[in-house]
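**Q** Quick mapping for you: the protein sequence lines, in order, are chains A and B.
Our numbering applies: residue 1 is where the first sequence begins, and numbers increase by one.
Our numbering applies: residue 370 is where the second sequence begins, and numbers increase by one.
It should be emphasised that the hints constitute simulated quantities derived from the structure, not laboratory data.
You may find that some hints are simply not true.
Claimed, not checked - Straight-line Cα separation of at most 25 Å, SDA-like style, residue types lysine to any residue; simulated pairs:
id : chain 1 : residue 1 : chain 2 : residue 2
1  : A       : Lys163    : A       : Lys183
2  : A       : Lys203    : B       : Asn521
3  : A       : Lys163    : B       : Asn521
4  : A       : Lys203    : B       : Val502
5  : A       : Lys79     : B       : Ala493
6  : A       : Lys79     : B       : Ala532
What the hints assert, rightly or not - Which chain B residues stay away from chain A? Per the calculated CB distances, all over 10 Å, these:
id : residue
7  : Ala455
8  : Pro499
9  : Ala528
10 : Ala639
Computed from a predicted structure; not experimentally measured.
Where a beta carbon is used, it is the ideal one built from N, C-alpha and C, also for glycine.
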Amino acid sequence: MKSARLVALVAAAGLFAATGPALSQITIGVAGPMTGQYASFGEQLRNGANLALEDINAAGGVLKKQLKLVVGDDACDPKQARATADRFVAQRVPFVMGHYCSSSSIPASEAYAEGNVLQITPASTNPTFTERKLWNTFRVCGRDDQQGAVAGKYLADNFKGKKIAILNDKSTYGAGLANETKKALNAAGITEVLNEAYTQGDKDFTALVSRMKAADIDVVYVGGYHTEAGLILRQMRDQGMKTILMAGDALADKQFASITGQHAEGVLMTFGPDPRNRPSAAEIVKKFKAKGIDPEGYTLYTYAALQIWAQAVEKTGSTDPKKVAATIKAGKWNTVLGEISYDAKGDITVLDYVVYQWKADGTYAELKK
Amino acid sequence: MEYFLQQLINGLALGSIYGLVAIGYTMVYGIIGMINFAHGDIFMVGAFIALLAFLILVAIGVTAIPLALFLVLLIAMVLTSLYGWAVERIAYRPLRGSFRLAPLISAIGMSIVLQNYVQLAQGARVKTLPPLVTGVHTILDLGNRLVVQISNIQILIIATTFALMTGFSWLVASTSLGRDMRACEQDLKMAALLGVDTNKTISLTFLIGAALASVAGIMYLLYYGVIDFHIGFVAGVKAFTAAVLGGIGSLPGAMLGGLLIGLIETYWSAYFSVQYKDVAAFSILIVVLIFMPTGILGRPEVEKV
Numbered sequence: 001m002k003s004a005r006l007v008a009l010v011a012a013a014g015l016f017a018a019t020g021p022a023l024s025q026i027t028i029g030v031a032g033p034m035t036g037q038y039a040s041f042g043e044q045l046r047n048g049a050n051l052a053l054e055d056i057n058a059a060g061g062v063l064k065k066q067l068k069l070v071v072g073d074d075a076c077d078p079k080q081a082r083a084t085a086d087r088f089v090a091q092r093v094p095f096v097m098g099h100y101c102s103s104s105s106i107p108a109s110e111a112y113a114e115g116n117v118l119q120i121t122p123a124s125t126n127p128t129f130t131e132r133k134l135w136n137t138f139r140v141c142g143r144d145d146q147q148g149a150v151a152g153k154y155l156a157d158n159f160k161g162k163k164i165a166i167l168n169d170k171s172t173y174g175a176g177l178a179n180e181t182k183k184a185l186n187a188a189g190i191t192e193v194l195n196e197a198y199t200q201g202d203k204d205f206t207a208l209v210s211r212m213k214a215a216d217i218d219v220v221y222v223g224g225y226h227t228e229a230g231l232i233l234r235q236m237r238d239q240g241m242k243t244i245l246m247a248g249d250a251l252a253d254k255q256f257a258s259i260t261g262q263h264a265e266g267v268l269m270t271f272g273p274d275p276r277n278r279p280s281a282a283e284i285v286k287k288f289k290a291k292g293i294d295p296e297g298y299t300l301y302t303y304a305a306l307q308i309w310a311q312a313v314e315k316t317g318s319t320d321p322k323k324v325a326a327t328i329k330a331g332k333w334n335t336v337l338g339e340i341s342y343d344a345k346g347d348i349t350v351l352d353y354v355v356y357q358w359k360a361d362g363t364y365a366e367l368k369k
Numbered sequence: 370m371e372y373f374l375q376q377l378i379n380g381l382a383l384g385s386i387y388g389l390v391a392i393g394y395t396m397v398y399g400i401i402g403m404i405n406f407a408h409g410d411i412f413m414v415g416a417f418i419a420l421l422a423f424l425i426l427v428a429i430g431v432t433a434i435p436l437a438l439f440l441v442l443l444i445a446m447v448l449t450s451l452y453g454w455a456v457e458r459i460a461y462r463p464l465r466g467s468f469r470l471a472p473l474i475s476a477i478g479m480s481i482v483l484q485n486y487v488q489l490a491q492g493a494r495v496k497t498l499p500p501l502v503t504g505v506h507t508i509l510d511l512g513n514r515l516v517v518q519i520s521n522i523q524i525l526i527i528a529t530t531f532a533l534m535t536g537f538s539w540l541v542a543s544t545s546l547g548r549d550m551r552a553c554e555q556d557l558k559m560a561a562l563l564g565v566d567t568n569k570t571i572s573l574t575f576l577i578g579a580a581l582a583s584v585a586g587i588m589y590l591l592y593y594g595v596i597d598f599h600i601g602f603v604a605g606v607k608a609f610t611a612a613v614l615g616g617i618g619s620l621p622g623a624m625l626g627g628l629l630i631g632l633i634e635t636y637w638s639a640y641f642s643v644q645y646k647d648v649a650a651f652s653i654l655i656v657v658l659i660f661m662p663t664g665i666l667g668r669p670e671v672e673k674v
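This is chain B alone, in the form it adopts within the complex:
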C-alpha cells in the first residue's frame, strides 16, 4: 500500500513535467493544425535560461531561495516566450497557407537550429545545479518499514502544474483571448472574417506555450539538477506522445496524457522492470490509438472542405 502510494507520487511528479510540455504541443496543434517539433527545444532553452538566471542571481547576491525562485520564474518565462514568439514569426508565419508539410519540416529545422545554437553557445557538457529545494515530508506512516514521503520539490512541481493548468483552462474558457483562440481553432479564415486578429492570436498562443514550457524547464532543472542541450529531444518525444495519447488538440487531454505516461513509466519500473519502461509506455500508446484513434479525450476529426 505504502509502496503503491509512494510510486503514485513519483509518477505524478514526472507526469506533471510531461503534461506541462504537452500543453504546448496540443495548443499549437489545436490552433493551426501543425506539430511544433521545436517545442521540446523551447523547453530546453527555458531550462538553460533558468540556470543562467540562477547563476546571475547568486552572483549579484540574491540568495534567498523563494525570492530567487520567483525572479527566475519571471525571467525565464519572459525570455523563453520571446523565443517561442520568434520561432513562430521566423519559421512558421511565412509558411502559413502553404501545403501542410512545409511548416512541419520548418519546425524540425528550427528544432535542430535551437539545439545547435545552445550547444555552441553553452558548450556540449552537461550543466548542473546543486539541490536548492530540499526537505521531505512523511505523509503516511502505518508503522511499517516503508513510509510514504513527498519531497518539497515534488510538491512544488505537482502544485505548480495544477495551478497553471487551472489558470490556463480558465483563460481559454472565459477570456476574450480564449474566445479568439477557440474561434481560430474552429476555422481560421472565418475567425479572421469576423474580426479576430488571427496573427496576434497565434503569436500569443506560441508565447503562452513557450512560457509553460519554460516553467516545465525550471521544474526539470530543480528536480533533476542536470541539463544539457539534448534534453529537449527526449522530453519532446515523451510530451508529444502524451499529447497524442490524451487526444491532440485537447487541453485536459494533454494533462491527462502526461500524467498517464508518467504513471505508466513509474509503475512499470516499480512492479516489472526499469529497462522496459519506455517499451511499456509506447505499447500502451499503440493499444490506445488502435481503439481510440483520436486519443482519450480527443474529438473525432471533422474533415474541413
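Chain A with its partners taken away, still in its complex shape:
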C-alpha cells in the first residue's frame, strides 16, 4: 500500500516536471463555439488563431518566448462561456481571443476583468461589450449600432415603399442588431410591417413564413445566426415566396449556402469590407489556401487579434494584461486587416460595414454601389 502511494507521488512529481518547461512558453487562449450549431464560426476563430500563432512562433515568438494555444469551447452558451472563462483565469492565461457570440463574450469578459485577462474579440459586435467601461475588452470587428445603421440605410434607400419585416432570435447579438436596424429604418421614415422573434435552435418556421406571405412581405431582415436564417430562407422558397432576405455578419460562412442550396442567390448581408481582398492580407491568404482553408468570415479578424496583442506585448516589454491594454489603446497596429487603432472603449476607430450579396454558387461578394 505504502509503495503504491510512493509511486503515485513520484508520478505526480514527474507530472510537475513535465509542465516545468512550460514556463518558457506563454499560454494564450482562443474561445468560441467549437461545438454546436455555430461550430463553423468557432472553426474560423481557431483557424485564424492557429496560423497567427505558427507565424509568430516561426518569427521568434513574443518576448523571445514561444506561444502555446489553448482552445476553449463555449458552444455559444452564456453559462458555458463563463465556465470557459473561469478555466482560462485559473490557468493564468494573459490573453484570450474570443468569444464569437456576443451573449458569450459579454459574461466571459467580466470573469476576465476580475481574473486579469485581456480579451480581444474578433467577432462579437453587440455594443454592450465595450460599453461597460471594463479595462480589458477590445474588438477587431465593428459594432452593431454601426452595422444596423448601414443595414437600415440600405433598406431605406433600396426598398422604399416595399413591405419590410424584421425578425430576431432573442439573442444578445440578434435582438441588438435587429433593434439597431429598426431604429435606422424608422429614422428614415419607414415603419416595418411585421416585427417578430423566434427561438435559437428552432427548425420549423413554416408558420412564420406563411404569416409573412399573408402580409405580403417583400424584404425580411433577420437579426440572427446563419442556421436559422438559412432555414427561414429555405422555407420561404418552399412556400413559393420570392422575398429578399437580409441579415448581419453572422451569415458570413459557407455553411449558410449549404443549408439553403441554390436559394442563397440574392441574399444580402452586412459585413466588414472583405478582409481577403485587402492588399495587406494577400500573403497570409495564400498561406491559408495552401493549407486548404478559405480564410472567410472572421478567420483573418482572429489572426489580426493575435497580431495586435503580440505587437503590444513586445512594445510593453511584458505580458501584464493591464499594461498591454493601455499600450493597445495608445498605439497603432499593423495587422493583416491593415492599420488598426483603438478608442478609449476598445472599439476600432474606423467604421467599416458594407453590403454583400450571396451568389448562387455559394460565395458572397461586396455589392458594387
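Start from chain A and add chain B according to the hints.
**A** Only chain B this time, still in chain A's reference frame:
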C-alpha cells in the same frame, strides 16, 4: 380562410413528424411500462444514417431521386432498427424485473451515450442536405392575394405518416405479432405463461419503433435539411409530450397528440406570437392533463396487484 388552411397544412406536416416519433414512446410504454428516453436519439441516429446513405448513394452514382429515396428509406430503417434492438438488448433487458426506476435511468444513460457517440463520430457541426424534393402545388386559389399551397415534401410527409399509421394499426389489430404485443401489454407474465415469446415480442416492438423513428428522421432531414447530434433531444421532448397528451400507451393517441402539438404550435405562431409557441403547447398539455389525467385517448390505469 386561405391563411387558416395554409397554416393547417404547415401544422399537419410538423405534427406528422412529432406523431411518428411519439408512436415509439407510446408503444414501448404500452408493452413494458417504461419511458424509453433514448427514443429521441434513435430518431437522431436515423436522420444521420439517412444522410450518410444519401451521400454514399450520390457518390456511387445513384442520382434518380425516387430511387435514392427508396434505397435510403430501406437502409435507414434496417440500420436504425438494429440500433433500437441493440439498445433494448444492452440497456433494458438485463434490468427487466428490477424496480421501476432502473430502466428509466438506464434509458437516460443510453440517450447520453448515443448523443455523444454521434457527436464524436460525426463531429459537432451541423450537417446539411440541399433541398432534394422541391416543387409546390396550389390547391386553393380564390383570387385573393394569398393562395393555399402545399409543397411536395409536405405531401410526402403527411402521406407517409398516414400510410405508416394505418399499416401499423393493422399490424397491431390483425396479425399474430400484434396479438402477442397486446397480450404483453395486458400482462407480461400471463402472456409468457400462455406461450407468448415475450422477449422476442419486446425486441420486435423496439425494432419497429426504431424503424418508425428512422422514417421520421428521414422526413426531418428532407424537410428541414439541417441536422446535428442534438436534434433528438428537442424532438424527443415534443414527441413524448405528444404521447402523453394523446394518452400514453394508445397508438391513435400518439398520432393525435403529435398532430395536436404541431397544430397548436403553428396556429399560435400564426395568430399570436412565434416566441410563445412552446409556452402555448405546454400550457395546453397541463390543462388537458388536469382534466384528463390519462390523456385524450388514454385508458384509466388499472392498478396491477
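**Q** If you draw a straight line from the CA of Lys79 (chain A) to the CA of Ala532 (chain B), is it 25 Å or shorter?
**A** Violated, because 44 Å separates the two Cα atoms, which is more than 25 Å.
**Q** Since Ala639 (chain B) was said not to touch the interface, does its Cβ keep a gap of more than 10 Å from each Cβ of chain A?
**A** 5 Å, violated
**Q** Taken at face value, is the distance from the CA of Lys183 (chain A) to the CA of Lys163 (chain A) at most 25 Å?
**A** Holds, at about 16 Å.
**Q** Are the Cα positions of Lys203 (chain A) and Val502 (chain B) separated by 25 Å at most?
**A** Measuring from Cα to Cα gives roughly 17 Å; hence the hint holds.
**Q** Once the closest CB in chain A is found, is it more than 10 Å from Ala455 (chain B)?
**A** 26 Å, holds
**Q** Is it true that the CA of Lys203 (chain A) sits at most 25 Å from the CA of Asn521 (chain B)?
**A** The hint holds at about 18 Å.
**Q** Would you check the hint for Lys163 (chain A) and Asn521 (chain B), treating anything up to 25 Å between C-alpha atoms as holding?
**A** Outside the cut-off at roughly 28 Å; violated.
**Q** Given the hint that Lys79 (chain A) pairs with Ala493 (chain B), does the C-alpha gap stay at or below 25 Å?
**A** 19 Å, holds
**Q** Taking 10 Å as the cut and beta carbons as the points, is Ala528 (chain B) off the interface with chain A?
**A** The claim holds: Ala528 (chain B) sits with its nearest Cβ about 17 Å from chain A, beyond 10 Å.
**Q** So is Pro499 (chain B) really clear of chain A, every C-beta pair being over 10 Å apart?
**A** Given that some Cβ of chain A is not farther than 10 Å from that of Pro499 (chain B), nearest at about 4 Å, it is violated.
The structure fails hints 3, 6, 8, 10 (numbered hints given earlier, in ascending order).
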